[in-house]
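Residue numbers (numbering that gives the first Met the number 0), protein chains in the order written: chain A, 0 to 125; chain B, 0 to 63.
Simulated from the structure, these hints should not be mistaken for laboratory data.
Honestly, I wouldn't trust all of these hints.
Only pairs whose alpha carbons sit at most 25 angstroms apart, straight line, appear in this in silico PhoX-like list of lysine-lysine [to be verified]: (1) K48(A) / K23(B); (2) K23(B) / K4(A); (3) K7(B) / K20(A); (4) K59(B) / K72(A); (5) K23(B) / K104(A); (6) K20(A) / K59(B); (7) K23(B) / K45(A).
Nothing here was measured: the structure is a model prediction, and the numbers come from that model.
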Amino acid sequence: MELVKVAIFGIATVLLAVELKGHKPVLSLILGMSGAILIMMFSLDKILKVMEQIQTVFHLLGQGTSYFMILIKVLGVTYLCQFSSGICRDAGFGNLAEQIQVFGKLYIMLSGMPILLAFIEMIQNL
Amino acid sequence: MSVGLIFKIAAVGILVTVLSQVLKHSGRDEHAFLASLAGLILVLSWIVPYILELFETIRKLFEL
C-alpha cells in the first residue's frame, strides 16, 4: 500500500513542478527537491529496519565484523551522493552532479583501503 | 506525513506568479521582483528544516 502512496505522491509532485516550471523555474526545482526529500525520509524507516537486521546478523557472526562498518558507511555515502547529484542533474547542472559522484567514489575508495591492506597482509602471512 | 508541504509550495508558487503578473502590468516591476523573492525565501524557510533533518538522520544512521 505504501508503494502506491509513494508512486502517486511522485506523480502529483511532478505535475505541480512541471506546471510551475513555466512561470518560476526556481520554485519548480525546489518543489522537485522537496518531493525527493519527503520520499527519502519516508524510505528512511525502511533502512532503519534493515540496519537492525544487520545488527542481529553481526551478533550471530561474532568476531570479524569490523569491516562491515565500512560497508555500511559506503552505503550511506552512495545514498547521499546519489541524492544530491540527482538534484543537481534535475537543475540542469550535469557537470556538478558528476563532480559529486566522483567525490563519492574517491571517498569510498579511500574508506575501502584498510580492507585491501588487511587482505594483502593476510596473503603475505600465508 | 507532510504531503501538505508540496501543495503549500505549489500554492505559494502560483500566488507569487499571479501577484508578479499583476504588479508587472500595473507598472511596478521592482515590487514584482520583490514579491517573487519573498515567495522564494518563504518556501526556502519551509524546506530547510526538512533538509537538515534528513541529512542528520542519514549521518547518524550510517555513522558517516
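Verification of the hints:
no.	hint	in the structure
1	K48(A) / K23(B)	violated (53 angstroms)
2	K23(B) / K4(A)	violated (40 angstroms)
3	K7(B) / K20(A)	holds (16 angstroms)
4	K59(B) / K72(A)	holds (10 angstroms)
5	K23(B) / K104(A)	violated (48 angstroms)
6	K20(A) / K59(B)	violated (35 angstroms)
7	K23(B) / K45(A)	violated (48 angstroms)
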